[in-house]
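Novice: Letter by letter, the chains look like this.
There are 2 protein chains.
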Amino acid sequence: MASSPALDRSVVEQIVRQIVLGNAAAPANKPTESGDKPAELMVSISARHCHLSDADVETLFGPGAKLTPEKDLYQDGFFAAAETVMIVGPRKRMLPNVRVLGPTRPYSQVELAFTDSISLGIDAPVRHSGNIKGTPGCVLVGPKGVVELQEGVIRAARHVHMSNKDAERYGVKNGDFMKLRIESPQCTVVFEDLLVRADATSKLEVHIDTDEGNACFLDGATKVELQKQEGDCKCKH
Amino acid sequence: MASSPALDRSVVEQIVRQIVLGNAAAPANKPTESGDKPAELMVSISARHCHLSDADVETLFGPGAKLTPEKDLYQDGFFAAAETVMIVGPRKRMLPNVRVLGPTRPYSQVELAFTDSISLGIDAPVRHSGNIKGTPGCVLVGPKGVVELQEGVIRAARHVHMSNKDAERYGVKNGDFMKLRIESPQCTVVFEDLLVRADATSKLEVHIDTDEGNACFLDGATKVELQKQEGDCKCKH
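These protein sequence lines are chains A and B, in that order. Heads up, the numbering used here is the position in the first sequence plus 582, with the first residue counted as 1. Heads up, the numbering used here is the position in the second sequence plus 582, with the first residue counted as 1.
Everything labelled a hint here was simulated from the structure, so no lab data went into it. None of these values were measured; they are calculated from a predicted model. Accuracy of the hints is not assured; some may be wrong.
In this list, chains with the same sequence are indistinguishable; a pair is considered to hold if it fits within one copy or across any two.
Stated by the list, open to error - Pairs of lysine to any residue residues, derived as SDA-like cross-links and limited to a Cα-Cα distance of at most 20 Å, are as follows:
hint, residue 1, residue 2
1, LYS674, MET624
2, LYS648, PRO672
3, LYS785, SER701
4, LYS648, PRO685
5, LYS674, LYS755
6, LYS805, VAL708
7, LYS674, GLY719
8, LYS805, VAL772
9, LYS805, PRO707
10, LYS715, LYS755
11, LYS810, GLN768
12, LYS761, VAL602
13, LYS648, HIS741
14, LYS674, GLN768
15, LYS810, PRO767
16, LYS653, GLU807
17, LYS715, PRO767
18, LYS761, ASP775
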């Protein structure tokens, strides 16, 4: 793969800041079937990034341009691209070098942490990926052109990808909510409202944003655990 | 009070972003004594800020300089000063206009969110205020001089101030830990490890940082609740 002079390695790395500590595909209070090996629990921090449509890739990077895979993400088929864009907010504040993730999608979408949206001056609502109707827009600037998005700027709601088999092990189904407890010295956090996105092929992986990852100091975590939204509580009551 | 042309109003405002929704000084499972009115629960986000010693105030702002109270904080006697400093990290990255809080203290101390410390390139440990031994230093730049701190850069650990009477109502004592649950649309969070700092006069107030406030979207919260670290659980088990 050709290296790009514009590549900001730390941004690519931040997109895939991950921790694997859990081993919780089978809740402790539910006997694991013989041979039903629990999956590892991967927790990934998604730094700010954008998804682009084919048309917007061509506008931003030139006619005929395609995204250049730079680093594979944990989910098969997804990648951080070599390409970045500048995101400009309504008051001309901007975020330079925001990573593009591939593959392309039917609609372009920008995913920010709240810290980013505050610094841009955009009031990004919490939405699940793809649900962008009525969300704020922004301007994307690439080396060959500019795209004005009418909508598509969101704070991605926390979620967990898993296979249907993992979902069955946890006793949940696609569309349910779970809790993620991250035990970290002096800053343990339980994230509720974690949407289950289960399908035939996804690997078990939680996606949180940089604010969430920093709030619980994910890099220093000693334990990560998925729990059902109701129940699985270890309190003494 | 004279207005300062350098005043960044939004920074002062961010220091006191607060929400009052709770009414939880008496846990629901503990009958409130007659006439024992529960205190309101104030949750405040502390934006990055610093505390200075008298000597450092004079070095940074000139001989004989004193801090100028600009805005009273919720706890009696504490204030956001009109003064700000620039904080410079080890790789010459800097944060401009970091608010000074008063009154002065025996030792200077810089309190950052993780997002700030990452952008500065300082590996700030989670510490309780005042416990700065062995923490990283930084350079403070003021209009009249520069101070090189050998230590004192921390991420302030989340905590709750309260009176001894409130502590008694919650069934906790100074030095105990509690949990703070912030219910927010699609991003509810439970913060564990909330240190109780109880004394005769403090008002009931939680302090979290901007990463924590953004992770749970405090501004959009519909309910805030203090819980004992063990127990007070509302799960169905």
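Novice: For each hint, tell me whether it holds in the structure or not.
Specialist: Here is what the structure says about each hint:
1. For the identical chains of this complex, LYS674 and MET624 are neighbours neither inside a copy (37 Å) nor across copies (34 Å), given an alpha-carbon limit of 20 Å.
2. Proximity of LYS648 to PRO672 under the C-alpha cut-off of 20 Å is found in neither arrangement, the shortest distances being 28 Å within a copy and 39 Å between copies.
3. Taking CA atoms no more than 20 Å apart as the test, LYS785 paired with SER701 passes in neither setting, with 33 Å inside one copy and 31 Å between copies.
4. Taking the shortest alpha-carbon separations for LYS648 and PRO685, only the intra-copy value of 10 Å comes in at or below 20 Å, while the best inter-copy value is 57 Å.
5. Taking CA atoms no more than 20 Å apart as the test, LYS674 paired with LYS755 passes in neither setting, with 43 Å inside one copy and 49 Å between copies.
6. When the C-alpha separation of LYS805 and VAL708 is checked against a cutoff of 20 Å, the pair qualifies only between copies, where the shortest distance is 17 Å, while the shortest distance within a copy is 26 Å.
7. For the identical chains of this complex, LYS674 and GLY719 are intra-copy neighbours only, at 13 Å inside a copy versus 34 Å across copies, given an alpha-carbon limit of 20 Å.
8. When the C-alpha separation of LYS805 and VAL772 is checked against a cutoff of 20 Å, the pair qualifies both within a copy, at 12 Å, and between copies, at 16 Å.
9. Taking CA atoms no more than 20 Å apart as the test, LYS805 paired with PRO707 passes between copies only; the shortest distance there is 19 Å, against 30 Å inside one copy.
10. With identical chains, the CA atoms of LYS715 and LYS755 are never at most 20 Å apart, being 25 Å at best within one copy and 49 Å at best between copies.
11. Taking the shortest alpha-carbon separations for LYS810 and GLN768, only the inter-copy value of 16 Å comes in at or below 20 Å, while the best intra-copy value is 24 Å.
12. In this assembly of identical chains, the alpha carbons of LYS761 and VAL602 lie at most 20 Å apart only when taken from the same copy (17 Å versus 25 Å across copies).
13. Taking the shortest Cα distances, LYS648 and HIS741 never come within 20 Å of each other, neither inside one copy (28 Å) nor across copies (49 Å).
14. For a Cα distance limit of 20 Å, the shortest separation of LYS674 from GLN768 qualifies neither inside one copy, at 38 Å, nor across copies, at 29 Å.
15. Taking the shortest alpha-carbon separations for LYS810 and PRO767, only the inter-copy value of 18 Å comes in at or below 20 Å, while the best intra-copy value is 23 Å.
16. Taking the shortest Cα distances, LYS653 and GLU807 never come within 20 Å of each other, neither inside one copy (27 Å) nor across copies (42 Å).
17. Taking CA atoms no more than 20 Å apart as the test, LYS715 paired with PRO767 passes between copies only; the shortest distance there is 17 Å, against 39 Å inside one copy.
18. Taking the closest pair of Cα atoms, LYS761 and ASP775 come within 20 Å of each other both inside a single copy (6 Å) and across two copies (18 Å).
Of the numbered hints listed earlier, those contradicted by the structure are 1, 2, 3, 5, 10, 13, 14, 16.
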